[in-house]
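Protein chains in written order, with the numbering used here: chain A, 84 to 244; chain B, 84 to 244; chain C, 84 to 244; chain D, 84 to 244; chain E, 84 to 244.
Because the hints were derived from the structure by calculation, they are not lab data.
One or more hints might be untrue.
For identical chains, the list gives no copy identity; a pair is met inside one copy or between any two copies.
To be verified - Cut-off 27 Å, straight-line C-alpha distance, at most; resulting in silico cross-link-like pairs (DSS-like, lysine-lysine):
no., residue 1, residue 2
1, K155, K236
2, K174, K205
3, K174, K115
4, K236, K150
5, K205, K115
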Amino acid sequence: MRRIGVVDTTFSRVDMGSIAVSELRSLGPNLKVIRRTVPGIKDLPVECKLLLEEGCDIVIALGMPGKEALDKVCAHEASTGLIHAQLMTNKHIIEVFVHMDEAPDDRTLAMLARNRTVEHAKSAYLMLFRPEELIRLAGTGQRQGFEDAGPVKGGKSAIHH
Amino acid sequence: MRRIGVVDTTFSRVDMGSIAVSELRSLGPNLKVIRRTVPGIKDLPVECKLLLEEGCDIVIALGMPGKEALDKVCAHEASTGLIHAQLMTNKHIIEVFVHMDEAPDDRTLAMLARNRTVEHAKSAYLMLFRPEELIRLAGTGQRQGFEDAGPVKGGKSAIHH
Amino acid sequence: MRRIGVVDTTFSRVDMGSIAVSELRSLGPNLKVIRRTVPGIKDLPVECKLLLEEGCDIVIALGMPGKEALDKVCAHEASTGLIHAQLMTNKHIIEVFVHMDEAPDDRTLAMLARNRTVEHAKSAYLMLFRPEELIRLAGTGQRQGFEDAGPVKGGKSAIHH
Amino acid sequence: MRRIGVVDTTFSRVDMGSIAVSELRSLGPNLKVIRRTVPGIKDLPVECKLLLEEGCDIVIALGMPGKEALDKVCAHEASTGLIHAQLMTNKHIIEVFVHMDEAPDDRTLAMLARNRTVEHAKSAYLMLFRPEELIRLAGTGQRQGFEDAGPVKGGKSAIHH
Amino acid sequence: MRRIGVVDTTFSRVDMGSIAVSELRSLGPNLKVIRRTVPGIKDLPVECKLLLEEGCDIVIALGMPGKEALDKVCAHEASTGLIHAQLMTNKHIIEVFVHMDEAPDDRTLAMLARNRTVEHAKSAYLMLFRPEELIRLAGTGQRQGFEDAGPVKGGKSAIHH
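One chain only, chain A, in its complex shape (with noise of 0.2 Å):
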């Protein structure tokens, strides 16, 4: 049994947390979710290490930044402390942040909000489970909450020159 963490903020304005749990629970059975939520992202990085030196496998970090230059700081700070987290513990935190002004309503920002959500919960199961799937995926342009950008046209001649 396999051991996930999910982390998310009352700062969102979104239940991102919800959508994440929900989601890998309709992934199977071989999954042992555990939540926990903190009030902003940059409490994230270090409730994230706590969980994965916890026992979980791996951690999804889900939060979103306000749209003032501040916030954009406070999410670069996160972000960096995302990462330092997981080289300490030598474990992945998928980190999965909506900015608020991504989206030019409540509407559209819910629905952003889901979908990446829930797309990068199904990167974090390919991760622990079918990592070979990704590298089939290698270059393919994903994106998380959008449209895939797909791969470059005309690449493969390019490519194989």
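Based on these hints, arrange chains B, C, D and E on the given structure of chain A.
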């Protein structure tokens, strides 16, 4: 008996440390509060780390960065250090920064500093004693010191699509 | 038998991992190549660190950051993490990032990604097997994916003044 | 006998190290002062760390960053390193940076450098010998080298609301 | 016999490594110089750390960042890594970066690279063998590669006020 640390600065124009201590004391008798003051926000990370290693379960780091570009950089450095200190100790530090340009005048600044400190002190209390309460508040757009942003409108239908 | 790791992303729009593996295989039989794919560039640092600790002598980290401001921040965070991972393992990670706005169209982007990957794979090979060759190339303005800048003109006389 | 380190730079245009040493000596006989000089501010972090590990209880790091954008980045890197060094040693480093564009002319720059150094030396002294004095100064808007900002006006009534 | 490391890059358009080695050899027979070359500036931190852990007492890290915004970010990442490497080893790394946009033409760039490298090599020598000489130069506005800024005018009277 859980122990909570409070560290603030002489640079701040509001005595945020006293506000935090007073709020924490009102939250219940099951808390021992330890207070320290340092000159500026860049001195917070190591002081918070010391308190955590001396037995505090959580620390509240209070600061009031100035409005100049240099002050913003200082705040970024301090925040990065606070996250690093958490990763080194496996404990939370709740950062409570009030930027001087967040308020148009002294009186509003004092009110903002007070409200944000009080609300973060409550968060720290919940993190220690009732973490399940934070899960209940996940994704509800909590804000400290300002009115809550609340959850997105129309979010439920978008999410449970 | 030396071991070299290759890690790329599903976010990239070019399968840089396959290009690197193919180039490394053509460079000689004295190399064992181990390939992994992660979702995005922020997932590279810990994956590269894992490969180095599992016995790789060097790792090539391949990514294609987007053109938005947020993407530039992601790339900075990933790069910082890659340098940190090297300092923690005492081994080199060769970062090969192709920014999507470095090329005017898909075809050029594919060509740039291919050329830069191939040239960095050669560098990684030299670092492992012929480090003295790098000393011979010191200060010659080598560029990966674009034409070399070359040494400064008139530099010899200025230097041996 | 407590030990305090002083590290400054040859890049600075004011001999801040001598000012600090002189001030510290005037503060009392119960201090042993150890002085070092490095070329620039990026050399400060490891030198301060060395002093702390050789027995200093606290170190004052003095520097004078230039006015160009590159100099601002250097100062940021140095500050980040100084915070990191503190977290690694569990001791304080008091950073005293005077940016060359903080003063309109040489004479004012010298005065600012002198005043800021003296006031920070006093802070370092308080941190070592009378930390309770810092708590008394919490939230009073202390500034080093300029006039104090003071506590916010009308703050008491707003706070004790 | 003290050991000093020299690491430069193939990206640089001037062979700064040879300049440093030559200058160090001219400074005296009591030095063993070990030279390495890496592809770019982001490869410097771990290579310098390796040299320090293999017995070098100090390392000179030479690089020539490009003029684009991305190059500035690379330089910042490399500098951050170099400071981190120093904190991990408790030894100095003297960073010698010449930004390509510091000089208007190739000839000036070569001259600047040469002068800065030579002067930093002298600093490294002083740090190892005559640290007291650096204290004598404290606050004198030393610059490497350009004319010294010198101490502030009227500074003495302002300082000894």
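Taking the hints in turn, this is what the structure says about them:
1. K155 to K236: between (33 Å within a copy, 23 Å between copies)
2. K174 to K205: For K174 and K205, only the intra-copy Cα distance (17 Å) is at most 27 Å; the inter-copy one is 30 Å.
3. K174 to K115: both (17 Å within a copy, 24 Å between copies)
4. K236 to K150: Between copies only: 17 Å across, 34 Å inside.
5. K205 to K115: within (15 Å within a copy, 30 Å between copies)
Checked against the numbered hints given earlier, the structure satisfies every one of them.
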